[in-house]
Amino acid sequence: VNCPLEFELLVRYWTHDLPETEAEAIEEHLFTCAQCASATARVAAIGEGVREVVPPVALERDIARARALGVILVVNDLSPDEEAIVTLPRGADFLVHRLRGDFRGTRTLDLEVRTPDGAVLASFPDAPFDADAGAALVACSRHFMELFPPEAQIVLHQTDSSGAERSATFTIVHELE
Amino acid sequence: MDGPRNAGLPSRKESTTHAPTHTCCGCSMRQWSTPDLRRSPLRMLCSALAPRIRLYALRHLRDESAAADITQEALITIVERAREGRIENPDHVDRFALGVCRNLVARVRRGEVRTRRFESAARMLTEEVLPPAFTRLDAARLALCFGQLRARDQRVLLLTFQEDFGADDIATELSMSPGNVRVVRHRAMSALQRCVEGAPP
Chain A
400 VNCPLEFELL VRYWTHDLPE TEAEAIEEHL FTCAQCASAT ARVAAIGEGV
450 REVVPPVALE RDIARARALG VILVVNDLSP DEEAIVTLPR GADFLVHRLR
500 GDFRGTRTLD LEVRTPDGAV LASFPDAPFD ADAGAALVAC SRHFMELFPP
550 EAQIVLHQTD SSGAERSATF TIVHELE
Chain B
23 MDGPRNAGLP SRKESTTHAP THTCCGCSMR QWSTPDLRRS PLRMLCSALA
73 PRIRLYALRH LRDESAAADI TQEALITIVE RAREGRIENP DHVDRFALGV
123 CRNLVARVRR GEVRTRRFES AARMLTEEVL PPAFTRLDAA RLALCFGQLR
173 ARDQRVLLLT FQEDFGADDI ATELSMSPGN VRVVRHRAMS ALQRCVEGAP
223 P
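Protein sequence lines correspond, in order, to chains A and B. Residue numbers for the first sequence follow the working numbering, so the first one is 400 and each next one is one higher. Residue numbers for the second sequence follow the working numbering, so the first one is 23 and each next one is one higher.
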């Protein structure tokens, strides 16, 4: 085992993507090396965090999985260029904004969360979307609603395979019950 | 785990004449038999081993409460064996600890139920050094950082950690090569770690 263990090796170790003998050698090393054990713990923390994450821009399968795990979500169907007031009920974990649009032919979707005066609060380049369902899903957690101002605009920038771009804006006022 | 008693290990009477140093924590083991375990080098030993034991158990069992139980159980076993002078090579107590962990995890997988009477001083000691619950990242920050990854990179990580897909399965699902999946996966993990541990997203 070459110490310190390379990051890629730690990821492969943590994801059980190594031959058993190699994994066992790393295991033995981790019990003797504080530095590598600490580095592995950091990789583990990320991995275990991802295990529970609901992506802020999600797909239907992510939402279904979260529901199956007991996460309480409230879904709002929203159309572009209309202002919506949405309420996160007490006891719910997420508001999911199903942003409707025509995603046929869309190659990439970049998504921004802005204040009404245009300041960018968060950006999600190359975000996932469901072209067949004609929607991008934004999962807005209670934490986000504490981080961001209640009134926000979500701007979708779509680029098709020819490079043509178009945008759609959703203005959403968030309220906590 | 129940290895033979080792004549080379310091007995209680001999313990002041032989003081090997642990490779894992650097402490002397000469006070293994100190009546008050909370003041002994055993505490240092357990403090050094506990996070590694928990990490090992979490990787194998994917369950934090099971990992915490294994940590407690392993530390008690190590303390008891140490006090009894039954660790074969005290210079490599870390290897002994790994052996204990492997044994315990195998027993958990076989569904064996443990019904042990813990020696109270050992339990007190091990409870003191148990690491806090596994490092919890700020969920909102992690989500925001996660959202900044490319859609394909997000999918690779979600399939890896939420679906427990291996590289070959992910490659099939996303029409990539397994080698490419591994590259994407570790780069995405690295980017996520930098974002989570670094400046706000």
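Each hint should be verified, as a subset may be incorrect.
What the hints assert, rightly or not - The following label-pair restraints were derived from C-beta to C-beta distances:
1. B/E185 to A/I471: 34 to 40 Å
2. A/P515 to B/P200: 32 to 38 Å
3. B/E102 to A/S437: 23 to 29 Å
4. A/E419 to B/E86: 21 to 27 Å
5. B/E219 to A/G562: 33 to 39 Å
6. A/L417 to B/G133: 22 to 28 Å
7. A/D480 to B/E86: 20 to 26 Å
If you are wondering where the hints come from, they were derived from the structure by calculation, not from laboratory data. Quantities reported herein were computed from a predicted structural model and do not represent experimental measurements. A virtual CB, placed ideally from N, CA and C, is assigned to each residue, including glycine.
**Prompt:** Using the C-beta atoms of B/E185 and A/I471, is the stated range 34 to 40 Å upheld?
**Reply:** 22 Å, violated
**Request:** Evaluate the given range 21 to 27 Å for the C-beta pair formed by A/E419 and B/E86.
**Result:** Between A/E419 and B/E86, where Cβ atoms are some 24 Å apart, the hint holds.
**Message:** Assuming the hint says 20 to 26 Å, is it satisfied by the Cβ distance from A/D480 to B/E86 or not?
**Reply:** Violated - the Cβ-Cβ distance for A/D480 and B/E86, about 45 Å, lies outside 20 to 26 Å.
**Asked** Between B/E219 and A/G562, is the Cβ distance one that fits in 33 to 39 Å?
**Response** 36 Å, holds
**Message:** A range of 22 to 28 Å was offered for this pair. Does it hold for the Cβ distance of A/L417 and B/G133?
**Reply:** Cβ of A/L417 to Cβ of B/G133: about 26 Å, so the range 22 to 28 Å holds.
**Message:** Range first: 32 to 38 Å. Now tell me if the beta carbons of A/P515 and B/P200 are that far apart.
**Reply:** Since the Cβ atoms of A/P515 and B/P200 sit about 46 Å apart, the hinted range of 32 to 38 Å is violated.
**Prompt:** Between B/E102 and A/S437, does the C-beta distance stay in 23 to 29 Å?
**Reply:** Since the Cβ atoms of B/E102 and A/S437 sit about 28 Å apart, the hinted range of 23 to 29 Å holds.
Of the numbered hints given earlier, the model fails hints 1, 2 and 7; all others are met.
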